[in-house]
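Novice: In the order they appear, the protein sequences are chains A and B. Heads up: the first sequence runs through residues 1 to 109, numbered per our numbering. Heads up: the second sequence runs through residues 1 to 906, numbered per our numbering.
Quick caveat, the hints were computed from the structure, so don't treat them as lab data. Treat each hint with caution, since some may be false.
With beta-carbon atoms standing in for the labels, derived distance ranges [said to hold, decoys possible]:
id	chain 1	residue 1	chain 2	residue 2	range
1	B	E169	A	N55	50 to 58 Å
2	B	K375	A	Q51	41 to 49 Å
3	B	K546	A	N55	55 to 63 Å
4	A	N7	B	R354	22 to 30 Å
5	B	L460	A	D37	53 to 61 Å
Beta carbons are placed, not taken as given, at the ideal position from N, Cα and C, and that holds for glycine.
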Amino acid sequence: MSELISNSLKTLNVSADATPDELRNAYLNLVRQNPPDRDADKFREIHAAYQLLCNPMLQAEALLLPNKVKPDLAAVISSAEKIRPRLTTLNLLALGNLEESSSERKQPE
Amino acid sequence: MASRNSRSAQARRANLAKNKNRRQDPQSPKNTNLQSLHDSLGIKPRVGHGELDEDAAIFNKDYLLKLPDERRVEATTVMEALELTSRGKFLESMEKLKDISRSSVFADWRLFVRGLHAFYSSDFEAARQNWSRLDRSRRPARIASALLAAEHERPGEDEALLCSQQMVEHASKLRLRKEAIVAAEAIAKTRHRDPKVTFAVSQVAMLGDFIAQFRRVDSDFVQTFGQACVAISTFQGDMPVFDRLTKLVSGPSSDPNWNKTRFNYALDFQGGEKDAIKSVEAFLNQDVPKLTHLPEQVRKAIGCLLYLIMAENKRSQRESPRSLFPFFSMNLDVDFKSINELLRKAIAQYPTHRLAHEKLINSLETQISQRGTTKVEEAKLEKQILAARESLNKALPEDTETALWLIDYYLEEDDFKKAKALIQNLEGKRIEDPAVKALPWKLKLRESMILSNRKTDLRLAAISLEEAESVWPAWLSRNWLPFLQGALALRLGDKEKFERLTTQARQDQKCSEVVGDIMTFAALQQMNIPSLELKPYRTLIEQYLKKANTLELNDLFTLGSFFWDLARTGMKHKGYRIQASKLGKAFSAKAKFFKGDKLNPTEIDAFSWAAHHRLWPANSTDEPPNYLMKLASKEPRLALAAIQWIITGRYSSWRIRDHKPLIQIVKEAARLEKDPFYRYQFDKVTVEAEEIIAKDKASREMYSSFGSSSIESDEDEDDDEDDDEYDSLEDECDCESCRAKRARRARTSANFIDDEDDDDDYDEEEDDWDLESSTQSEFQESVLELDLPPFVEEILTKLGPKGLAAFERMCAEKSATEDAGAFINAIIDFLRGYGINRSDAIQFVADFGKYNLRKPNFQEQSAVPDVVNSKSTAGMTAAEIKAARKQREKELERRKRKARQGSSRS
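In isolation and in its complexed conformation, chain A is listed as follows (with noise of 0.2 Å):
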């Protein structure tokens, strides 16, 4: 997904899967907690969103767009220390094997 994408979605804070009625009503909630008046950049950054968001045309534009910004690899590191891998399921559902000794292969009946 585009930067451009993600940072809208973080914006309004919806998923990526927000149905047009969660779009809006994420819309007009932040826009009520910040009107142009009190702050007219986080306004306009909210409705910028909105509209990347609610047009097709201007998502795919952004998602064709050549990355402009050169990725920092320890960046990609320290994010990754910070979030610890999920387990795959066998190696999951091991944890939970009783000790070696007392362990003992059972039949199914």
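Once you have looked at the hints, place chain B on chain A.
Specialist: Using the frame of chain A, we list chain B on its own:
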């Protein structure tokens, strides 16, 4: 722009292969930690003594098959939910488990999965709360205990560890990315000695090892890290490294095969267009249908954009490189059929995308204007244009411009039903456009004209004309009205009234005989006067048209003003085309010498009309001629005409940004203008021009080359180009800054001559060239005379007189023999031969080409007027045209000969 050197590419490939063989063995003693991790990874669930069959059924097929049907379904559901959780799909996972009741034996698993979601989200408190309610004798509780212990979290208040210590260690290893992080850091820290290399060949090999070792342990991190590496590699000009990386790492969900990235990347390479288009096609046909995570509308929009890219590429393959240089202004065999097909596909994908429709209409209109289009083809294309406009109107009914075009078309075709439907549609929308507000007038006027066709309907025609009079737009001259009323009276048989009305109108408007006759004839034609009665007027008009060049400029201004009203309201009479063409030629020939300080409204109208029809020969950049630009800088309505000329031209995006002062004139005038027609047009054109500039800016930023070093800051660029563009206006200006500029230019010219004088070797060694250069060649003269962009000037100065002469020879020779691409490369190679670096050479080509397009007198062909096509034939007899044509051919032949001689000498 990155350069590709085949030798270095080969070396890089060889290096890649070498590094591949040098990979570390994951089983070597150095990797004991890794081995331990792989041991942990190898652990598998085993059924323990006394374990519930239901728990064992989660991972053991034999136990699963033994369960009763209902429980088997629940066990399968739990298995699927665990699988979804491992892939991070928590919501879907919980959705799966919602049917498991609290009383079910699998309720523990549901609770476990819920806690697991909290655990993976680092919410250990919530995880502990969920897991504290698990049955301590069952597997879910043991797994939970191991996980919490591995995170140094207590399993629960006063609770002992439920699992073995060995399992805690396994959990610990599997949850820590220590080894993967160390390996990734090693890749990240590796730096190539050349700072331009963002991802080195050695890093590719390391990444290969990293992926092989950790793919199974930590696929998420491997994927994210690998994708970041690919992204970094696109910031350098090294396709082999990119190729290798894209084979190692699978793409993100929005670009699974890297086709989209490859498209953008390949465009940065010289000659990479083919690769880019191949990638676009692959992305469109293979990837887009599979992007099911995107809403359908977004997928279709992507498809539409990709078809547009392909169409644009097809067009630019034939046009773009050539159009950079004036030497290639000949007609090109653009494959319109394929382009139109691609554009239609783009529309089919996303019908509400206005740009796709506009491009199709534009393509069809360009096709129709091509030389050699037969009448049959023209009729066919006109039908296609109509269909394209109807399709645009259907997709975007709020588009007033298209609706107005269609209304005019239907009215001209007497299809009142369709016209009325569109008018009604527009009326309901409260559109501010004065042209839309004038539609009832237009409808009534056209109705009266149609009704005048049949004798029985003449009374109704008179009523319609009266109704049209009652709603006559305030911004439109009423000069033609009495002529129309007179014509209708004549049609009714009242010759006396006709004479009275037309004579009175001529007196009131103080119009000359020729103007009065042409307006009368237009009215008579529209009111369907029988041809017998019309004949004397027709003969008269034909005589006027034959002698159009002898008409007074004032009369031409009045006629231009009249025709402007007809053109801007879409009420052109039957003879408009031929009259406008002949009178237009006469007007354009005379008007360019017009020296009025302040224009009156009639003169402004006439110039607006001439600009609307582009009566003056446009240069290669489709820009208005300088004399119109001068007038435009003083008169907002002509500034409007000039901007409209530019933005409807082929190079609107990169030309209009050079004319910001004009936009400013129009913008300011919009506030003061009282005429609603012009006020609306001022606003509209300002918005359009600013949109084009904004889009152009965005696209230049988007497609800038590596590191965007070649993109200047917008302000600087604007300043430079503005200066350049308005230099011609400064020639006559006496202000301080313009005087300074002229002086600077004079100094630069003087430098050229000084250089030549100093170059002694030149005179001694090459006598034959001395002869030519001592009296400067035409090329050099033109270079010295003209005000070149500073960068071009700088480079040409570096060449020196000798280099300049060689440059001339090369240009003359290559432009005659090579295609556009080869010609551009030849220029770049030539400049590099003079010690100018590649990026400067490319910049020179861009500036020089742009400059040439702006200054037709610098063009080889334009220096010899093209009498076949130019408007300069106005007023010439057939014999004169023939003689001029012959002279032109002779001149061209002479130049070619000279070029050949030059190249053989060199």
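Novice: Determine for every hint whether it applies to the structure shown.
Specialist: Right, here's what the structure says about each hint:
| no. | hint | result |
| --- | --- | --- |
| 1 | B:E169 <-> A:N55: 50 to 58 Å | holds (52 Å) |
| 2 | B:K375 <-> A:Q51: 41 to 49 Å | holds (47 Å) |
| 3 | B:K546 <-> A:N55: 55 to 63 Å | holds (57 Å) |
| 4 | A:N7 <-> B:R354: 22 to 30 Å | holds (26 Å) |
| 5 | B:L460 <-> A:D37: 53 to 61 Å | holds (59 Å) |
Checked against the numbered hints given earlier, this structure breaks none of them.
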